[in-house]
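Peer 1: For the protein sequence lines, the chains are A and B, in the order given.
For the first sequence, counting from 1, position 159 maps to 159 in the working numbering; every step adds exactly one.
For the second sequence, counting from 1, position 254 maps to 254 in the working numbering; every step adds exactly one.
If you're looking for bench data, these hints aren't it; they were derived computationally from the structure.
In this text, all values refer to a predicted model and were calculated from it rather than measured experimentally.
C-beta: ideal position from N, C-alpha, C; glycine also.
Please note that the accuracy of each hint is not assured.
In silico BS3-like pairs for lysine-lysine, Cα to Cα no more than 30 Å straight-line [stated by the list, open to error]:
1) A:K120 x A:K207
2) A:K87 x B:K31
3) A:K143 x A:K87
4) B:K160 x A:K137
Now the stretches of chain A that chain B is said to cover, found in silico as 3 or more residues with beta-carbon under 8 Å [to be verified]:
5) 59 to 68
6) 83 to 97
7) 101 to 114
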Amino acid sequence: MLHSTGISSGRTSQKYEPLLSAENLSRQISTNWIWKNISLDLASGERLALTGASGSGKSLLLRTLAGLDVITAGPSAEKGAISFAAKSLQEWEMPQYRSKVCYIQQLPAFFEETVEENLKRIFRLKAHQHLQYDREKILNWLKELALPLTSSNSSGIADPSRFLKRPAKELSGGEAQIAALLRVLQLEPQVLLLDEPTSSLDTELTKLFEKLLLKWQTEIPEKQQNSPISTTQRAWIWVSHNPEQLQRMCSRTFRLDRDNGN
Amino acid sequence: METNYIFLSSGQLLFASLLMAVNIGLSIVLKLGLTKQWGIASLRMVGQLLMVGFLLDWVFALNNPLWILGVAFFMATVASITAVGRTGKRFSTIYLNSFISILGAAFFVMFFALSGILQIDPWYSPQYLFPLLGMVLGNTLNGISLALERFMESLSVRRKEVEMLLSLGATSWEAVHELIRDALRTSMIPTLNSMMVMGIVSLPGMMTGQILAGVSPGEAVRYQIMMIFVIATAAALGATLIVVLAFRALFNSRHQLLLERLRNVT
Chain A
1 MLHSTGISSG
11 RTSQKYEPLL
21 SAENLSRQIS
31 TNWIWKNISL
41 DLASGERLAL
51 TGASGSGKSL
61 LLRTLAGLDV
71 ITAGPSAEKG
81 AISFAAKSLQ
91 EWEMPQYRSK
101 VCYIQQLPAF
111 FEETVEENLK
121 RIFRLKAHQH
131 LQYDREKILN
141 WLKELALPLT
151 SSNSSGIADP
161 SRFLKRPAKE
171 LSGGEAQIAA
181 LLRVLQLEPQ
191 VLLLDEPTSS
201 LDTELTKLFE
211 KLLLKWQTEI
221 PEKQQNSPIS
231 TTQRAWIWVS
241 HNPEQLQRMC
251 SRTFRLDRDN
261 GN
Chain B
1 METNYIFLSS
11 GQLLFASLLM
21 AVNIGLSIVL
31 KLGLTKQWGI
41 ASLRMVGQLL
51 MVGFLLDWVF
61 ALNNPLWILG
71 VAFFMATVAS
81 ITAVGRTGKR
91 FSTIYLNSFI
101 SILGAAFFVM
111 FFALSGILQI
121 DPWYSPQYLF
131 PLLGMVLGNT
141 LNGISLALER
151 FMESLSVRRK
161 EVEMLLSLGA
171 TSWEAVHELI
181 RDALRTSMIP
191 TLNSMMVMGI
201 VSLPGMMTGQ
211 ILAGVSPGEA
221 VRYQIMMIFV
231 IATAAALGAT
241 LIVVLAFRAL
251 FNSRHQLLLE
261 RLRNVT
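Using the sequences and the hints, build the whole thing.
Peer 2: Have a look at this one:
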C-alpha cells in the first residue's frame with residue numbers, strides 16, 4: 001500500500017498493477033472541456049483524495065469511473081479507457097463492474113419505504129443474488145455509529161433497530177448519508193467512489209463515520225475464495241471540500257484542476 | 001341496411017353549429033379566453049370531418065386494397081405524430097418509435113378482429129376496416145401518449161433513484177422496472193375505468209351511431225362489446241411497445257442512462 005502523503009501526480013509508481021485505472025479521460029459539456037486527458041490509477045488498498053475547485057468536475061469524474069457516463073473522445077478524438085482488476089471496462093459486464101466499484105451519490109436517493117426495506121431491496125438485483133441481507137451486520141455498523149454518542153441526543157440513529165424501521169424519505173440529510181453508506185457496504189464492494197459522503201453530518205458523527213470506513217477498508221473481505229481478485233484490498237476515491245478530512249482519510253491526493261492534462 | 005334514419009342537410013348542420021354560441025358566449029362573459037379557440041376548433045372539426053367523408057366515400061367506391069392500405073397508413077402516421085405532440089419531452093427517434101408502436105398494436109388487433117372475429121371477405125372491406133381502425137387508432141394514441149409522457153417525465157424526475165440502482169449494480173431494466181410499471185398503469189387506468197362503467201355512465205359512440213342508423217340496441221351492444229375488447233388491447237399493446245422502445249432509446253447496452261437525449265419542448 002502506498003503511503004506517500006501530500007500531492008503527487010495521478011499515477012502511482014508502477015510497481016503494482018493498479019486496481020482501477022483510467023487512461024486519457026476527457027469530458028466536454030457543450031463546448032467547454034471540464035477536464036482533458038486525465039490519467040489516474042488507484043492501487044489495491046489505496047485511499048485517494050480527489051480535490052479541485054467547485055465546477056472542476058469531481059463528481060463527473062466519479063460518475064465516469066462508476067461507468068454511469070459514457071466515455072467521450074478527447075480534444076484530438078483520442079479514446080479514453082478505464083480498466084478494473086486487469087480487465088478493461090468493455091470486457092466487464094456493467095452490473096458486475098458497478099457492484100465492485102460503487103459510486104455513492106452526495107444526496108442519496110431512496111424509495112418510499114423503510115430504511116430496512118431500502119437496504120433489502122438491493123439484494124433483489126441479479127448482480128447480488130449470491131449475497132443475502134444481513135440484519136446483524138447492519139445493526140453492528142449502526143451501533144458503531146450510535147453507541148459512542150454520549151450526549152444521547154438529537155441523533156436519530158441512537159437506536160439502530162428503530163432507525164431501520166423509519167421511512168427513508170423522512171431521514172435528515174446526514175442520516176440519509178449514513179443509510180446510503182450502509183446500503184453500499186453490505187454489498188462488499190472493492191472500490192468506493194465517495195462524493196462528499198459526510199457533507200450533511202455533524203463533526204461528531206463525521207468522526208465515527210470515518211472510523212467505521214477506515215475499519216472497513218482494512219478488513220479482509222469475507223468471501224474471496226472463488227473471486228478472481230482475491231488478493232485485492234479495499235480502496236476508495238474520496239471527494240471532499242474539507243482538507244483535514246482528506247488528510248485523515250486519504251494517503252494521496254489527485255488535484256483535478258492541476259494534475260489534469262499532465 | 002334499412003335507412004329509417006334522418007338524413008342531415010347542410011341547413012340542419014348550420015342550425016347545430018348555433019350551439020357553439022353558448023360556448024363562445026360563456027367564454028366572453030366569464031373571460032375564459034377561449035373565444036378564438038372555440039371558433040378555430042369548430043371550423044377545423046367541420047372541415048376535417050367533411051374532408052374525411054369525401055375521402056372515405058371515394059375510397060369506398062374504389063374498393064382497392066392498395067388505396068385502402070394507403071389511407072390506413074396515413075391515418076396511423078397522423079395518429080403517431082399526434083401521440084408525440086402531447087408530450088413535454090422528446091428524443092430523436094420518438095416519432096419513428098411512436099409510429100412503430102401504433103402500427104404494431106393496430107395491426108395485431110385489426111388482424112384479429114377482421115380475420116379472426118368478423119371474418120370479413122375481402123379483409124380490406126372499407127365498411128368495416130375504417131370505422132374499426134379509427135377507433136383503434138384513437139385509443140392507441142391516447143395510451144401511447146399517456147405512457148410516453150409519464151415514462152419520460154419520471155425518468156427525469158426520478159433520475160437519481162434510477163442512477164442509484166445502476167450504480168449499485170442494477171441492469172438498466174432493473175433500474176427502470178418500477179418506472180415502466182408505473183407508466184403502463186397510468187396509461188391503462190383510463191381504459192379500465194371506462195370499461196368498468198361502460199353502458200352505465202357512458203353510452204359509447206359507435207353503439208349510439210349504430211342505433212341511430214337503425215340497428216336494434218341489442219345488436220348494437222354486441223359490436224360495442226367486441227370493439228371495447230379490441231381497443232383496450234390495442235391501447236395496452238401500444239403503450240407497452242412505446243415504453244419499451246423509449247427505454248431502449250434512452251439507455252445504451254452499457255446500462256448507461258442517456259438523459260441528454262431527452263429535450264424539453266417549449
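Peer 1: Of the hints stated earlier, which fail here?
Peer 2: 2, 3
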